[in-house]
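Visitor: Residues per chain, in single letters:
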Amino acid sequence: MSIQEMTREAVAAAVLEELTNVAPDLAGEDIPEDADLRDEFDLDSMDFLNWITALHNRFGIDIPELDYPKLSTIGKAADYLGRG
Amino acid sequence: MSDLYRMPSLGSDMESATLIEWCKQPGERLAKDDVIAVVETQKGAIEIEVFHDAVMGKPLIEVGETVPVGAAMAELEGIGDGIEQAPSPPVEPPAPSGRRRASPAARRLAEARGIGLERLRGSGPEGAIRLEDVQRAVQAQAPKAPLPPDSKGTGLGMAAMRQAIAAAMSRSKREIPHYYLSHDIDLTRATQWLGAHNAELPPDRRILMAALFIKAVALTLRKFPELNGFDRDGQFEPSKAIHVGSATAIRGGGLVAPAIHDADQLELGPLMDKLRDLVARVRRGGLRASELSDPTVTVSSLGERGVDRLYGVIYPPQVAIVGFGTPELRPRVVEGEITPRTLVTATLAADHRHSDGHRGGLFLAKLAARLQEPETL
Numbered sequence: 001m002s003i004q005e006m007t008r009e010a011v012a013a014a015v016l017e018e019l020t021n022v023a024p025d026l027a028g029e030d031i032p033e034d035a036d037l038r039d040e041f042d043l044d045s046m047d048f049l050n051w052i053t054a055l056h057n058r059f060g061i062d063i064p065e066l067d068y069p070k071l072s073t074i075g076k077a078a079d080y081l082g083r084g
Numbered sequence: 085m086s087d088l089y090r091m092p093s094l095g096s097d098m099e100s101a102t103l104i105e106w107c108k109q110p111g112e113r114l115a116k117d118d119v120i121a122v123v124e125t126q127k128g129a130i131e132i133e134v135f136h137d138a139v140m141g142k143p144l145i146e147v148g149e150t151v152p153v154g155a156a157m158a159e160l161e162g163i164g165d166g167i168e169q170a171p172s173p174p175v176e177p178p179a180p181s182g183r184r185r186a187s188p189a190a191r192r193l194a195e196a197r198g199i200g201l202e203r204l205r206g207s208g209p210e211g212a213i214r215l216e217d218v219q220r221a222v223q224a225q226a227p228k229a230p231l232p233p234d235s236k237g238t239g240l241g242m243a244a245m246r247q248a249i250a251a252a253m254s255r256s257k258r259e260i261p262h263y264y265l266s267h268d269i270d271l272t273r274a275t276q277w278l279g280a281h282n283a284e285l286p287p288d289r290r291i292l293m294a295a296l297f298i299k300a301v302a303l304t305l306r307k308f309p310e311l312n313g314f315d316r317d318g319q320f321e322p323s324k325a326i327h328v329g330s331a332t333a334i335r336g337g338g339l340v341a342p343a344i345h346d347a348d349q350l351e352l353g354p355l356m357d358k359l360r361d362l363v364a365r366v367r368r369g370g371l372r373a374s375e376l377s378d379p380t381v382t383v384s385s386l387g388e389r390g391v392d393r394l395y396g397v398i399y400p401p402q403v404a405i406v407g408f409g410t411p412e413l414r415p416r417v418v419e420g421e422i423t424p425r426t427l428v429t430a431t432l433a434a435d436h437r438h439s440d441g442h443r444g445g446l447f448l449a450k451l452a453a454r455l456q457e458p459e460t461l
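The listed protein sequences correspond, in order, to chains A and B. Here the first sequence is numbered in our numbering, starting from 1 and rising by one per residue. Here the second sequence is numbered in our numbering, starting from 85 and rising by one per residue.
For the record, the hints were derived by calculation from the structure and aren't laboratory data. Ideal Cβ placement from N, Cα and C applies to all residues, glycine included. There may be inaccurate statements among the hints.
Unchecked claim - Selected chain A positions facing chain B (in silico; Cβ < 7 Å): (1) P24; (2) D25; (3) D42; (4) D44; (5) S45; (6) M46; (7) I52; (8) T53; (9) H56; (10) E65.
To be verified - Label-pair ranges, simulated between beta-carbon atoms: (11) E216/B <-> P69/A: 57 to 65 Å; (12) D42/A <-> D361/B: 14 to 22 Å; (13) G337/B <-> E5/A: 41 to 49 Å; (14) E351/B <-> P69/A: 26 to 34 Å; (15) A333/B <-> L66/A: 24 to 32 Å; (16) Y68/A <-> G337/B: 20 to 28 Å.
What the hints assert, rightly or not - Covered stretches of chain B (chain A as the covering partner; in silico rule of three or more C-beta atoms under 8 Å from a C-beta of chain A): (17) 285-291; (18) 364-375; (19) 382-391.
Using the sequences and the accompanying hints, generate a full structural model.
Guide: This is the structure:
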């Protein structure tokens with residue numbers, strides 16, 4: 001399914017799924033949509049890059065480095081990707 | 085002809101491991117570097133490899149058994165002429181007078197269990213203390229209280245890992261006379277170069293500054309052999325190979341520093357791939373014993389959200405650790421003008437028995453020069 005056909009809720013769920021794939025130690029954690037992933041969940045630069053890579057591969061959307069700050073939470077990432 | 089497969093070294097802070105599973109069955113062919121078994125350690129599940137071609141023989145221990153480093157785990161068959169046995173711990177230099185002779189493995193175990201070598205009777209040549217002698221003393225000790233089970237069930241027992249870190253770091257601070265140096269390095273060019281490089285690439289081929297740091301340290305070390313290698317009871321054993329341990333924090337506490345082998349010879353892209361792979365395996369398990377036991381130096385980078393600088397504690401038996409604080413914009417005087425530049429503070433903690441501050445300072449200066457030419461890394 002292309003991202004345009006997905007509900008925002010489904011995009012957010014997919015974004016979270018990719019996060020726990022690259023950081024399996026976060027599986028089962030309650031990660032609020034507005035929680036800063038780096039500050040509150042200790043995501044380091046490598047985890048973050050792996051997550052961006054997974055999102056790029058899953059949705060085929062280009063995510064330049066300069067846009068990284070726009071993906072600092074699950075919610076922001078879902079909004080960013082939803083805009084296509 | 086048969087031989088024994090022994091529990092390999094798992095790094096200086098781990099003295100035993102528990103067999104989780106055999107990956108090979110009796111009769112199966114083993115090639116050098118094949119994973120023969122998975123063991124549980126204080127740092128999680130680790131894959132252990134064979135060091136030469138052989139055929140799997142009879143297992144000598146069962147799943148669930150905990151055995152010390154060096155203990156026989158299985159028979160290996162068909163080891164013909166000209167095939168070397170697994171690398172054994174390096175031969176101990178002659179003991180200085182007044183010091184008990186002991187094998188490195190025996191010394192390590194005694195150290196880890198707080199057993200004084202002078203209390204032991206050695207059964208080796210000239211009364212040298214062997215691992216067996218220490219093991220007997222360990223068994224004679226009152227049993228320790230069991231460690232509390234890991235609360236999250238991730239297999240990474242936090243209490244056990246804290247104990248492992250405590251043992252290695254206490255030994256480091258007790259035995260190694262550290263000296264510390266620090267140097268502010270201008271990263272403006274490296275940052276610009278990296279930004280331009282990554283802008284052209286999909287995420288899976290982008291490179292992190294951490295990879296540049298590791299490569300620059302590895303290349304610089306070629307000219308500073310006294311910082312790359314091991315202390316063996318006070319004698320320095322330089323290493324030709326430059327295996328950089330990359331300190332990686334584990335969420336929730338603890339850290340490991342698995343090796344990027346021959347980091348000086350890797351192009352940045354493949355080096356970054358290795359780094360990614362190591363971090364992934366720190367997160368989900370699957371580190372190899374050799375990666376934990378053979379770094380010849382350690383690099384610790386705080387990343388983007390740390391503090392200005394870190395003062396490293398050397399991981400024995402290594403003799404140096406290079407630290408990188410968080411790169412940030414700071415005022416710097418360039419050609420008489422105060423200008424904002426991206427700076428990182430690099431630190432060196434090194435073993436004063438084997439190098440001096442003068443050479444350490446030159447090392448950091450050369451490292452700074454290297455990082456001014458990112459395109460050559």
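Visitor: Could you run down the list of hints and mark each one as holding or not?
Guide: Tested hints:
no.	hint	result
1	P24	5 Å, holds
2	D25	5 Å, holds
3	D42	5 Å, holds
4	D44	5 Å, holds
5	S45	5 Å, holds
6	M46	4 Å, holds
7	I52	5 Å, holds
8	T53	4 Å, holds
9	H56	5 Å, holds
10	E65	5 Å, holds
11	E216/B <-> P69/A: 57 to 65 Å	59 Å, holds
12	D42/A <-> D361/B: 14 to 22 Å	20 Å, holds
13	G337/B <-> E5/A: 41 to 49 Å	42 Å, holds
14	E351/B <-> P69/A: 26 to 34 Å	30 Å, holds
15	A333/B <-> L66/A: 24 to 32 Å	26 Å, holds
16	Y68/A <-> G337/B: 20 to 28 Å	26 Å, holds
17	285-291	holds (count 4)
18	364-375	holds (count 3)
19	382-391	holds (count 3)
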